[in-house]
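Using the sequences provided together with the hints, build the complete structure.
Residue numbers (our numbering), protein chains in the order written: chain A, 1 to 176; chain B, 1 to 127.
Think of the hints as simulated: they come from the structure by calculation, not from any bench.
Among the clues, some could well be false.
[Stated by the list, open to error] Beyond 12 Å from chain B on every Cβ pair, some chain A residues (computed):
id: 1; residue: G12
id: 2; residue: G31
id: 3; residue: I33
id: 4; residue: A34
id: 5; residue: K37
id: 6; residue: D52
id: 7; residue: E55
id: 8; residue: L60
id: 9; residue: E79
id: 10; residue: C84
id: 11; residue: K102
id: 12; residue: A106
id: 13; residue: S129
id: 14; residue: L131
id: 15; residue: P156
id: 16; residue: M172
[Claimed, not checked] With a Cα cut of at most 27 Å, we get these calculated DSS-like pairs of lysine-lysine:
id: 17; chain 1: B; residue 1: K101; chain 2: B; residue 2: K46
id: 18; chain 1: B; residue 1: K92; chain 2: A; residue 2: K119
id: 19; chain 1: B; residue 1: K118; chain 2: A; residue 2: K102
Treat the numbers as computed from the prediction; the structure is a model and nothing was measured.
Here a beta-carbon is modelled for each residue, glycine too, at the ideal position from N, C-alpha and C.
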Amino acid sequence: MTNTNPKETALGARVARMEAELRGVLEGIAGDIASLKTEIASIEQTSTGTIDIPEAGNELAAVVEMTEQASHVIMTASEAILGCEADTLEDYRAAVEGEVMKIFEACSFQDITGQRITKVVETLTAIESRLGEVTSEDASDAHPPSCPDAHLLNGPALPGKGLDQGDIDLLMTNVS
Amino acid sequence: MAVDQTMPILVVDDYKTMIRIIRNLLKQLGFNDVDEAADGTEALQKMRSRKYGLVISDWNMEPMTGYELLKNVRGDEKLGRTPFIMVTAESKTENVIAAKKAGVNNYIVKPFNAATLKSKIDAVFGE
Chain A
1 MTNTNPKETA
11 LGARVARMEA
21 ELRGVLEGIA
31 GDIASLKTEI
41 ASIEQTSTGT
51 IDIPEAGNEL
61 AAVVEMTEQA
71 SHVIMTASEA
81 ILGCEADTLE
91 DYRAAVEGEV
101 MKIFEACSFQ
111 DITGQRITKV
121 VETLTAIESR
131 LGEVTSEDAS
141 DAHPPSCPDA
151 HLLNGPALPG
161 KGLDQGDIDL
171 LMTNVS
Chain B
1 MAVDQTMPIL
11 VVDDYKTMIR
21 IIRNLLKQLG
31 FNDVDEAADG
41 TEALQKMRSR
51 KYGLVISDWN
61 MEPMTGYELL
71 KNVRGDEKLG
81 RTPFIMVTAE
91 SKTENVIAAK
101 KAGVNNYIVK
111 PFNAATLKSK
121 IDAVFGE
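As structure tokens, this is what we get:
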């Protein structure tokens, strides 16, 4: 049965119009969410020179591991010095110097861990910058200055991923 | 060619701790004349005012990297023959190949020990 009441007809038309408007608003919000997801997904791809978030976690894990190893070497060498017994002063000196060399070598962890932490900080800074762009609250496009060999600057490799000294020696011999 | 332990050595690294480590390791190996620079630019300035027997340089430094320093040294008529060892955490194949092609004499990956440093210095001077 067709509704012929003019008031009801007008009300129905108004509801239909509101539905269409609401659908348009919701579609707009859905579009905004989709583009926001795309923007967030592109953060890692466009942040040249940085690493992705899972890799940042691996870098920090490597820092913890290397710090622990260095502490172990330093403490072991220190204990060896404290417990050092030698027949002559010369032997004593040689033994202590050997242990001190191990301490020097172990202290190089500061350089490597520093580079790893720098990578993580650069990643966080890049993410912060891109999020600022996405929300338009901070549209600054601050990228670090690049140097001619920027493509070769990767920092320390994760354990088991880079070349070791033996591999490098081989390359040095074979590359002309 | 025997290694001359009296030769001046220039250590280039932006990490003060690493410079101290290399300086101390060199001292233990008998090298006492060690200068230092914090990046490639400072190293070049020092190399132009003093003749060094060996340069030991990190790669990742600003504003001038060790790789750029190496290319500058090899392209300089007066400095071009200075022995150059790269000591770096950069351990990718492309890094080693690029450094070798740019004229590096040896390449040490960090972390390293005194024995490695000694063997690479010996190798550079043909011992």
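Legend entry - Agreement of K118/B and K102/A with the hint, judged by alpha carbon distance not exceeding 27 Å: holds (14 Å)
Inset, instruction - Test the statement that A34/A is away from the interface with chain B: the closest C-beta pair must be farther apart than 12 Å. - result: A34/A clear of chain B: closest Cβ-Cβ about 37 Å, beyond 12 Å.
Legend entry - Status of I33/A, Cβ more than 12 Å from any chain B Cβ: holds (39 Å)
Legend entry - Check on G31/A being off the interface with chain B, judged by Cβ distance over 12 Å: Fine: 42 Å to the nearest Cβ keeps G31/A off the interface.
Legend entry - Beyond 12 Å from every chain B Cβ - status for A106/A: violated (8 Å)
Inset, instruction - Examine each Cβ of chain B, and state whether all of them lie more than 12 Å from the Cβ of G12/A. - result: holds (70 Å)
Legend entry - Outside-interface status for L131/A - nearest CB in chain B farther than 12 Å: holds (26 Å)
Inset, instruction - Beyond 12 Å from every chain B Cβ: check whether that's true for C84/A. - result: C84/A is indeed farther than 12 Å from all Cβ atoms of chain B, at 17 Å.
Legend entry - Reported absence of E55/A from the contact zone with chain B (all CB gaps over 12 Å): Given a closest Cβ separation of 15 Å, the condition holds.
Legend entry - Least C-beta distance from K102/A to chain B larger than 12 Å: violated (8 Å)
Inset, instruction - With 12 Å as the threshold, tell me whether D52/A passes as away from chain B on beta-carbon distances. - result: Per Cβ check, D52/A is outside 12 Å of chain B; nearest 17 Å; holds.
Legend entry - Given hint K46/B paired with K101/B - CA-CA distance at most 27 Å: holds (24 Å)
Hints 11, 12, 15, 16, counting from the list given before, are not met by this structure.
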